[in-house]
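Asks: What follows is the residue order along each chain.
2 protein chains.
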Amino acid sequence: MRSPQEPEWITDQGGEAFAHIYRVDAVLHDERSAFQRVRVIENLDFGRMLILDDAVQTTERDEFIYHELLAHVPLCTHPAPRRVLIIGGGDGGLLRETLRHPIEHATMVEIDRAVIDATLRWIPSIPANCYADPRARLLVDDGIRFVREGGEHFDVAMVDSTDPKGPSLGLFSSEFYGQMAALLGASGVLAVQSGSPLYQQDLIAMVQQHMAPHFRWVRTYLGAVPTYPGVFWTFTVGSQGRDPAGVNPEELVERMRHIPTRYYLPAAHHGLFVSPPFLQSAMSAG
Amino acid sequence: MRSPQEPEWITDQGGEAFAHIYRVDAVLHDERSAFQRVRVIENLDFGRMLILDDAVQTTERDEFIYHELLAHVPLCTHPAPRRVLIIGGGDGGLLRETLRHPIEHATMVEIDRAVIDATLRWIPSIPANCYADPRARLLVDDGIRFVREGGEHFDVAMVDSTDPKGPSLGLFSSEFYGQMAALLGASGVLAVQSGSPLYQQDLIAMVQQHMAPHFRWVRTYLGAVPTYPGVFWTFTVGSQGRDPAGVNPEELVERMRHIPTRYYLPAAHHGLFVSPPFLQSAMSAG
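Note that the protein sequences, when read in sequence, are chains A and B. With this note's numbering, letter number 191 in the first sequence gets 191, and the count goes up by one each step, no holes. With this note's numbering, letter number 199 in the second sequence gets 199, and the count goes up by one each step, no holes.
Don't read these hints as lab results, they were simulated from the structure. Backbone N, C-alpha and C define an ideal beta-carbon position, used for all residues, glycine too. Mixed in with the good hints there might be a few duds.
[What the hints assert, rightly or not] For each label pair, taking beta carbons as the anchor points, the in silico distance ranges come out as:
1. A:133 <-> B:26: 51 to 59 Å
2. B:202 <-> A:104: 26 to 34 Å
3. B:250 <-> A:248: 54 to 62 Å
4. B:34 <-> A:12: 34 to 42 Å
5. B:254 <-> A:26: 31 to 39 Å
6. A:105 <-> B:7: 51 to 59 Å
7. B:28 <-> A:141: 52 to 60 Å
8. A:8 <-> B:28: 26 to 34 Å
9. A:12 <-> B:153: 22 to 30 Å
[To be verified] One-sided and incomplete, this derived list gives chain B residues near chain A with beta-carbon spacing under 10 Å:
10. 146
11. 199
12. 231
[To be verified] A short list of chain A residues far from chain B (calculated; beta carbon distances all over 10 Å):
13. 18
14. 21
15. 265
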């Protein structure tokens, strides 16, 4: 039996024989929502951590890597985004980064209010004040249904989802990407998280194959997130107009001039699409 | 008490409250050498792993990232390297990568024969056949003394060391870098592993400060190694001739044309020196 003095550690499994472990210095929140277990813990090294079921979703210290990569690449790929759609992203980090651009409107559709509320209360630096921005609209609703019902136009869309199981599964389907493409115009851009190139290669291939019929360009790009097991992480972007890997470097600098970032840099944009050879087969699987 | 059926796990501590853990599927080698504990274990996800004291040094599955970055950046920075010196690097991976270039000679000075032998026997894919190459000379000796005594000329040198404690401490001193510069000519290049930008920022600053008096250019570059806690890892290169970040892209392609790699790419060379903003203060600490 664990003694009361012994701190608990959380295990985030990568492979079967490899994991990241985090000491639980305090449990701030622990709730079973209608969709998942939602926890916020305090950890000396990574600060406050959001954990959904048993997977670390984001942490105070490294959240900006994932959110900046998922937001700024598609936003800079579109020549002049005005209306943006976010599916998922309940922690608010993606909406926060999106609103740094001079857009007119952003709609965020998150299925689980518990994630929104837990992050707002316990890790307020992630959503920052994004929900108070008059350009933002928050809907607690099923993103798949929202996209299927259509009726609105967006320039850029992003999907910030958990792994493809349960309620997230439909977010990776060809049908969903096709309905999404219908909401986006002739220059429309969609970016999604597409999993680990080390142990979810089938997922990357599936995303690419499911996007291909609906977008002119489909490109996978790479980031490194310290709190994701295996570290390397992919994002896949579909674009109707411009090639995401071909945006003019001077335009990137100009577009990001007044947007302070901690990870994404215009000078590194094109390098994100240059996959190391050992990941090339995974990243160009489609 | 641990039951005999329960597998052991190895813990590689990052911060105080964060670690990577690996299941020990078999212990292949466990020895206390004159310098350190040398272990080789088998792990389902990373293959065979070399562990010195309690730190994972390298693994069968991801060793190429570290070795390619530490070898090809300095070798391509020198316009025509003929003679190469490696200090440390007992697993042989750095010598293997070095010998892929059309050099005339490489001397490797490793202080601990136990590391050489354990890797040769249990992870032969890392040294490959590098010691049998007639261009290679292996000395089991104190690298600090070898450099201090001088008397030989090299074009490129690399230091593949453990953390700066015990026998490795002197490998990070200004005196050592000065003696190293004396062995290298007017176009000489030195590259060293300089630690984690997340939790060894003082080390990076020290390496930069200690190199600065002895080299015209001092540049820190970045890699991501899944089995190093915190993942991001730095290397620092001192150069007397060319700017390591300014080598002509077409020359890089030409130099690497017949050298197959799994991580390092000429197209990504310049991006290695573009540090994400959150690491800029750490990487330009000097």
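Asks: Please flag the earlier hints that this structure goes against, numbers listed from lowest up.
Replies: Those not satisfied are hints 2, 3, 5, 9, 10, 13, 14 and 15.
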